[in-house]
Amino acid sequence: MTINVLFFGPLAEIVGNAIEMPVVSTLHELEQKLFEQFPLLKDKKYALSVNEKIVSGNVDLEEGFTIAFLPPFSGG
Amino acid sequence: MSENKIKNIFRSGAIAAEFIADSIAKHSAKKDIGAHSIFLGQVRADIINDKTVAAIEYTAYEEMALKKMQEIREAIFSKYKLTCMHVYHSLGVIKAGELCLFVFTSSPHRRAAIDACNEVVERIKKELPVWGKEVFEDETHQWKENK
Chain A
1 MTINVLFFGP LAEIVGNAIE MPVVSTLHEL EQKLFEQFPL LKDKKYALSV
51 NEKIVSGNVD LEEGFTIAFL PPFSGG
Chain B
1 MSENKIKNIF RSGAIAAEFI ADSIAKHSAK KDIGAHSIFL GQVRADIIND
51 KTVAAIEYTA YEEMALKKMQ EIREAIFSKY KLTCMHVYHS LGVIKAGELC
101 LFVFTSSPHR RAAIDACNEV VERIKKELPV WGKEVFEDET HQWKENK
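Here the protein sequences line up with chains A and B, keeping their order. Read left to right, the first sequence gives residues 1 to 76 (the numbering used here). Read left to right, the second sequence gives residues 1 to 147 (the numbering used here).
Careful: at least some of the hints might be erroneous.
[To be verified] Derived DSS-like pairs (lysine-lysine); straight-line CA-CA distance at most 27 Å:
id: 1; chain 1: B; residue 1: K95; chain 2: A; residue 2: K53
id: 2; chain 1: B; residue 1: K7; chain 2: B; residue 2: K125
id: 3; chain 1: A; residue 1: K42; chain 2: B; residue 2: K125
id: 4; chain 1: A; residue 1: K53; chain 2: B; residue 2: K126
id: 5; chain 1: B; residue 1: K7; chain 2: A; residue 2: K53
id: 6; chain 1: B; residue 1: K126; chain 2: A; residue 2: K44
id: 7; chain 1: B; residue 1: K5; chain 2: B; residue 2: K147
id: 8; chain 1: A; residue 1: K42; chain 2: B; residue 2: K133
id: 9; chain 1: A; residue 1: K44; chain 2: B; residue 2: K68
id: 10; chain 1: B; residue 1: K133; chain 2: A; residue 2: K45
id: 11; chain 1: B; residue 1: K51; chain 2: B; residue 2: K7
id: 12; chain 1: A; residue 1: K53; chain 2: B; residue 2: K68
id: 13; chain 1: A; residue 1: K45; chain 2: B; residue 2: K31
id: 14; chain 1: B; residue 1: K147; chain 2: A; residue 2: K44
id: 15; chain 1: A; residue 1: K42; chain 2: B; residue 2: K144
id: 16; chain 1: B; residue 1: K144; chain 2: A; residue 2: K53
id: 17; chain 1: B; residue 1: K7; chain 2: B; residue 2: K133
id: 18; chain 1: A; residue 1: K42; chain 2: B; residue 2: K147
id: 19; chain 1: A; residue 1: K45; chain 2: B; residue 2: K68
id: 20; chain 1: A; residue 1: K45; chain 2: B; residue 2: K126
id: 21; chain 1: A; residue 1: K53; chain 2: B; residue 2: K79
id: 22; chain 1: B; residue 1: K51; chain 2: A; residue 2: K45
id: 23; chain 1: A; residue 1: K44; chain 2: B; residue 2: K144
id: 24; chain 1: B; residue 1: K79; chain 2: B; residue 2: K67
id: 25; chain 1: A; residue 1: K44; chain 2: B; residue 2: K79
id: 26; chain 1: B; residue 1: K126; chain 2: B; residue 2: K95
id: 27; chain 1: B; residue 1: K31; chain 2: B; residue 2: K5
id: 28; chain 1: A; residue 1: K45; chain 2: B; residue 2: K67
id: 29; chain 1: B; residue 1: K133; chain 2: B; residue 2: K51
id: 30; chain 1: B; residue 1: K125; chain 2: B; residue 2: K144
id: 31; chain 1: B; residue 1: K125; chain 2: A; residue 2: K45
id: 32; chain 1: B; residue 1: K51; chain 2: A; residue 2: K44
Bear in mind the hints are in silico, worked out from the structure with no lab data behind them.
Given only the sequences and the hints, what does the whole structure look like? Please build it.
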């Protein structure tokens, strides 16, 4: 019963590339749990994706979902 | 060439000038093309707080980036009268002076190729989940942010 959470760029330096978190019901809850574990994450700028789609606001989560923390892009 | 199937734009390492030349040469068979437009991104040796950028190390959320690139490709083909479009983006360590992005659009007339190429480059920089870590000569680093 887990949710996959991915981190990229500077955020991966804080948390690692990927962790599994116990299922929580919403994205905001997941963020709160991660802030408790990784306080440095709190001040960072990022967008969130759920199953490879960028989302805004709160989203309901289910087992097996993949959430990604995406710092500002710098490709090209 | 189908614009509907997901293409892998990512290449490990720098984009070689020979690869670009080959890519241009291959288009001589397509005789409805009248114009090509090419954008090449090159790693710049920026000097930041007295330290010189030696390389950029690129990483990406590849699955998501490829889906997004497909969305961009479809939007570009429906907006411009293009014959074809090719995009390559480097991953891994690319040294200053090496090429990290190759966008190549072709069309019967120049306007479509030029405008589509510009738009694709802007959208890649803004919308693809790709990150560049600027590695300095003293091996410290900082994370780049697109403007």
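Quiz item: Regarding the pair K53 of chain A and K126 of chain B, is the alpha-carbon distance no greater than 27 Å?
Solution: holds, 15 Å
Quiz item: Regarding the pair K133 of chain B and K51 of chain B, is the alpha-carbon distance no greater than 27 Å?
Solution: holds, 14 Å
Quiz item: Regarding the pair K7 of chain B and K125 of chain B, is the alpha-carbon distance no greater than 27 Å?
Solution: holds, 18 Å
Practice problem: For the pair supplied as a hint, K133 of chain B and K45 of chain A, confirm whether the alpha-carbon distance does not exceed 27 Å. | Solution: Answer holds: K133 of chain B to K45 of chain A is near 16 Å, not above 27 Å.
Quiz item: Given the hint that K45 of chain A pairs with K67 of chain B, does the C-alpha gap stay at or below 27 Å?
Solution: holds, 23 Å
Quiz prompt | Straight-line alpha-carbon gap K5 of chain B to K147 of chain B, limit 27 Å | solution = violated, 30 Å
Self-check item: Hint consistency between K42 of chain A and K133 of chain B [alpha-carbon to alpha-carbon, up to 27 Å]
Solution: Satisfied, since the Cα-Cα distance of roughly 21 Å is no more than 27 Å.
Exercise. Assess, step by step, whether the Cα of K45 of chain A is no farther than 27 Å from the Cα of K68 of chain B, and give holds or violated.
Key: holds, 21 Å
Practice problem: For the pair we were handed, K144 of chain B and K53 of chain A, check the Cα-Cα distance against 27 Å. | Solution: Holds: K144 of chain B and K53 of chain A sit about 23 Å apart, inside 27 Å.
Quiz item: Given the proposed pairing of K44 of chain A with K144 of chain B, does the C-alpha separation stay at or below 27 Å?
Solution: holds, 14 Å
Practice problem: Could you grab the alpha-carbon distance between K44 of chain A and K79 of chain B and see if it respects the 27 Å cut-off? | Solution: violated, 36 Å
Self-check item: Distance restraint between K125 of chain B and K45 of chain A, which requires alpha-carbon spacing of 27 Å or less
Solution: Holds, at roughly 17 Å.
In this structure, the hints that do not hold are numbers 1, 7, 11, 13 and 25, in rising order.
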